[in-house]
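Undergrad: Sequence:
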Amino acid sequence: MAAIPTDLLDRIRSLERQVRALMGSANTRPAMDRVSGGNVVISDGGQLAVRNRDEQKGAELLYIGQVSPARPDGEQQGFFVRRDDGSKALTVHAEAPDLQPSQSVKVFDRKGNALFADDTTGEGLARPYIPYPMPTPENTRRWESTDSTEWTTLYSGEAIAQHPNLYCLIAATAGGEVRLLVNDAQVGPAGPGPLEFTAPIGAAFDSRVTFQVQARATAAGGAVSCRPRALYGVQS
Numbered sequence: 001m002a003a004i005p006t007d008l009l010d011r012i013r014s015l016e017r018q019v020r021a022l023m024g025s026a027n028t029r030p031a032m033d034r035v036s037g038g039n040v041v042i043s044d045g046g047q048l049a050v051r052n053r054d055e056q057k058g059a060e061l062l063y064i065g066q067v068s069p070a071r072p073d074g075e076q077q078g079f080f081v082r083r084d085d086g087s088k089a090l091t092v093h094a095e096a097p098d099l100q101p102s103q104s105v106k107v108f109d110r111k112g113n114a115l116f117a118d119d120t121t122g123e124g125l126a127r128p129y130i131p132y133p134m135p136t137p138e139n140t141r142r143w144e145s146t147d148s149t150e151w152t153t154l155y156s157g158e159a160i161a162q163h164p165n166l167y168c169l170i171a172a173t174a175g176g177e178v179r180l181l182v183n184d185a186q187v188g189p190a191g192p193g194p195l196e197f198t199a200p201i202g203a204a205f206d207s208r209v210t211f212q213v214q215a216r217a218t219a220a221g222g223a224v225s226c227r228p229r230a231l232y233g234v235q236s
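Each residue of the sequence shown is one higher than the one before, counting from 1 in this note's numbering.
Derived from the structure by calculation, the hints contain no laboratory data.
There may be inaccurate statements among the hints.
[What the hints assert, rightly or not] Derived CB-CB ranges, DEER-like:
| id | residue 1 | residue 2 | range |
| --- | --- | --- | --- |
| 1 | T149 | L115 | 45 to 51 Å |
| 2 | Q47 | R83 | 18 to 24 Å |
| 3 | T218 | I160 | 30 to 36 Å |
| 4 | T136 | S236 | 25 to 31 Å |
| 5 | A204 | G78 | 33 to 39 Å |
| 6 | T218 | T136 | 19 to 25 Å |
| 7 | G112 | T218 | 52 to 58 Å |
| 8 | N139 | L115 | 36 to 42 Å |
| 9 | P133 | P101 | 32 to 38 Å |
| 10 | Y129 | F197 | 22 to 28 Å |
Note that beta-carbon positions come from the ideal geometry of N, C-alpha and C, so glycine has one too.
Kindly generate the complete structure, drawing on both the sequences and the hints.
TA: Structure (structure tokens):
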């Protein structure tokens, strides 16, 4: 047997180790559940879907991509979020793009009723319907009035708190002060009319509240008349 140089055997062993390392790395799959320092791009009509574990139930919890009905001039792209029972929770799409091409954002309850939707004209709300304050008499003699120098309730009403703050506007004649109470606690300042302010409502969300508009004359023998003009729940 011919003599083989020692350095050649070492080289062969080194090559074997490198081949084994390459084969091992080729069979090792990288993690596919995380993207670090990069972007995920889905193009050319692709979709992103997250489905319920039991796909036979057909609950697609999240979907972004092509939706139906299609637009007359091509496909429509949209966004759906569903609860785990399959009921719609949030959608962004046009229900009838041939009649109304603009897409609307909608939030649904479990029975499929649209609780919130923006208007397809591109500005403002479609739902919920929010009442405007009822017009009030301009003739101040038809306003409620008091000649007492003590705080006197002239208007009261019930409501359910839905916003953290409220906006208040109370018109009043000279000769006195007005203020607003929420659950018997003053909210905002007291002063001569017109009284206008925005302040925390001081009540828990979804709790029942009682509003009272009070007035008092600033001097004996005087009188003050007032009328609420606006009372809105607003954001903080």
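Undergrad: Compare the structure with each hint and give your call.
TA: Status of each hint after checking the structure:
no.: 1; hint: T149 <-> L115: 45 to 51 Å; result: holds, 47 Å
no.: 2; hint: Q47 <-> R83: 18 to 24 Å; result: holds, 20 Å
no.: 3; hint: T218 <-> I160: 30 to 36 Å; result: holds, 34 Å
no.: 4; hint: T136 <-> S236: 25 to 31 Å; result: holds, 28 Å
no.: 5; hint: A204 <-> G78: 33 to 39 Å; result: holds, 36 Å
no.: 6; hint: T218 <-> T136: 19 to 25 Å; result: holds, 23 Å
no.: 7; hint: G112 <-> T218: 52 to 58 Å; result: holds, 56 Å
no.: 8; hint: N139 <-> L115: 36 to 42 Å; result: holds, 40 Å
no.: 9; hint: P133 <-> P101: 32 to 38 Å; result: holds, 35 Å
no.: 10; hint: Y129 <-> F197: 22 to 28 Å; result: holds, 26 Å
In this structure, none of the earlier numbered hints is contradicted; all agree with it.
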